[in-house]
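Undergrad: Given these sequences and hints, build the entire structure.
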Amino acid sequence: MGYGKFLSIVFIFFILLVGCTDEDTSDEDSTNENEETVQSSENTVDNENESKELNDSEEKNMEQQFLENIDSVPEDTAGLINQKQGEYATVDVRHDSVEDDVLKDVRKLTPLTEDANAEQVDKYFDYLYALAAENFPDPQDTINKWEFGSFGDPDLPDSRYHFKENYNVEIILDASGSMAAYIGDKTMMQIAKESINDFMKQVPEEANISFRVYGHEVTSSSSDKAMSCDAIEQVYGFESYDEEKFQNELDKIEPAGWTPLADALEQSEEALKDYDTEHNTNLIYVVSDGIETCDGGPVEVAETLSDSNAQPIMNIIGFNVDSDAQEQLKEMADVSGGVFSTANNQEQLEEEFTRAEEVLEAWEDWKEDAMSDVDSIRVNNSFDIRGVTNDWGQQSRLLSNNLARLIRIFEGEEIINDEQADIMSEKRDNVIEVMDTAKLEIEEELEDISADSLEEMKESIDEKYSEQSDN
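Per our numbering, residue 1 is the first one in the sequence shown, and the count goes up by one each step.
No lab work stands behind these hints: they were computed from the structure.
C-beta atoms are modelled at their ideal positions from N, C-alpha and C, and glycine is treated no differently.
With a cut-off of at most 20 Å between alpha-carbon atoms, the simulated DMTMM-like pairs for lysine to aspartate or glutamate come out as follows:
id	residue 1	residue 2
1	Lys123	Asp429
2	Lys108	Glu87
3	Lys84	Asp322
4	Lys193	Asp242
5	Lys201	Glu351
6	Lys123	Glu413
7	Lys123	Glu75
8	Lys225	Asp295
9	Lys84	Glu68
10	Lys108	Asp122
11	Lys84	Asp324
12	Lys84	Glu331
13	Lys123	Asp76
14	Lys164	Asp274
15	Lys186	Glu351
16	Lys252	Glu194
17	Lys104	Glu413
18	Lys164	Glu205
19	Lys145	Glu351
20	Lys427	Asp115
21	Lys273	Asp263
22	Lys104	Glu87
23	Lys252	Asp242
24	Lys123	Glu87
25	Lys193	Glu217
26	Lys193	Glu350
27	Lys201	Glu239
28	Lys273	Glu300
29	Lys145	Glu357
30	Lys245	Glu205
31	Lys225	Glu266
Restraint ranges, calculated between C-beta atoms of paired labels, are given here:
id	residue 1	residue 2	range
32	Asp429	Asp115	20 to 26 Å
33	Met227	Arg355	31 to 37 Å
34	Val235	Glu443	40 to 46 Å
35	Asp429	Asp100	27 to 33 Å
36	Thr110	Asn82	26 to 32 Å
37	Asp276	Gly393	42 to 48 Å
38	Glu414	Thr187	42 to 48 Å
39	Glu239	Ala180	26 to 32 Å
40	Glu239	Glu444	43 to 49 Å
TA: Set out below in structure tokens:
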């Protein structure tokens, strides 16, 4: 064989050898790629499972923390009086207006397991109760109203309630944007204006009137906050009532912006500094539908105002307020020794001003020496006691019915099983018993109060039914 032919054979063999080597390498690379893909998929599945477990764990932790912040169901009268009003207080939880929201709140809970312990069932019932908790009447508010209604009686220990030669009344009206909301076919601002107007027409000619408004300029948008929070204006007085002049100022007011309640009270204190309590009976009426929104401290200001030279009696009316606003407004009345009341419609708002009219009429009679018998202004409490017990009974029935409805909803959503529903129904029965006992207890304590025992009763009621959150 020639040398050239030998070289050709060697070259062909080399080419074949390289081709086989490339094929083996390609197969090996492909195998490695497949193995890496499988491993990657397995890692992805593991990561997803781990992530799901973490999310489930975080969700359980969040739910646990969320339930821990729910107050326990009250076991006595003080607990009922001081409980936080529920999201669905005053309404049937089945009503179309709240049905979707109720279901959303119920579905925040994961279903209880078949072997859930008593503590877990208790926490779920605490949550169920918190959704429907009612705002029960506070007997302290009733006694404060009686004290105010006994204005002029020399037996009253608080000298602020003794008639003086001069009588000054300031009304402070919330004109923030939320007052544009409707109650029936009228806005809250329309209702407030009509009630104030009716009250003013009954004011004695000798009384001095002031009208202060806040939040009545610009809008409730964040960009207007600073300007709106500065919008506080004494639009009338102190001076005797002039219907045309007062009406012109009242007509200009429209709901607009924010709620600088603390600053409004500070300006009221400044305006009253010349009206000392020795020679003047000073009253302030605050009509507000919401909480302070301008970063002020209205509770602290209310306390300072009550200790000022004028020592005004503050009547604070929460007009269609939520639980947070009610809590703040009531605290303002408490620290100032004033009177707190709620009004959810025009009739109730007018009732509060009617109480003020009666006091002004009594002052006018006193000025004319027409009050020959102090018994004519002593506490006539039977009507108010009936009002307290009727309100208590109505709220008890609504709460009882809503608890039963929510238990059925929990069961229908499979949050609880039949056995757990039966346990919650027993807990509901216990709540009903506590509510009924509390109603009788309060009725008995309010039935025999006279003007000279008001201060003692105020202290007794305050000590017995004040916040007992540390129990």
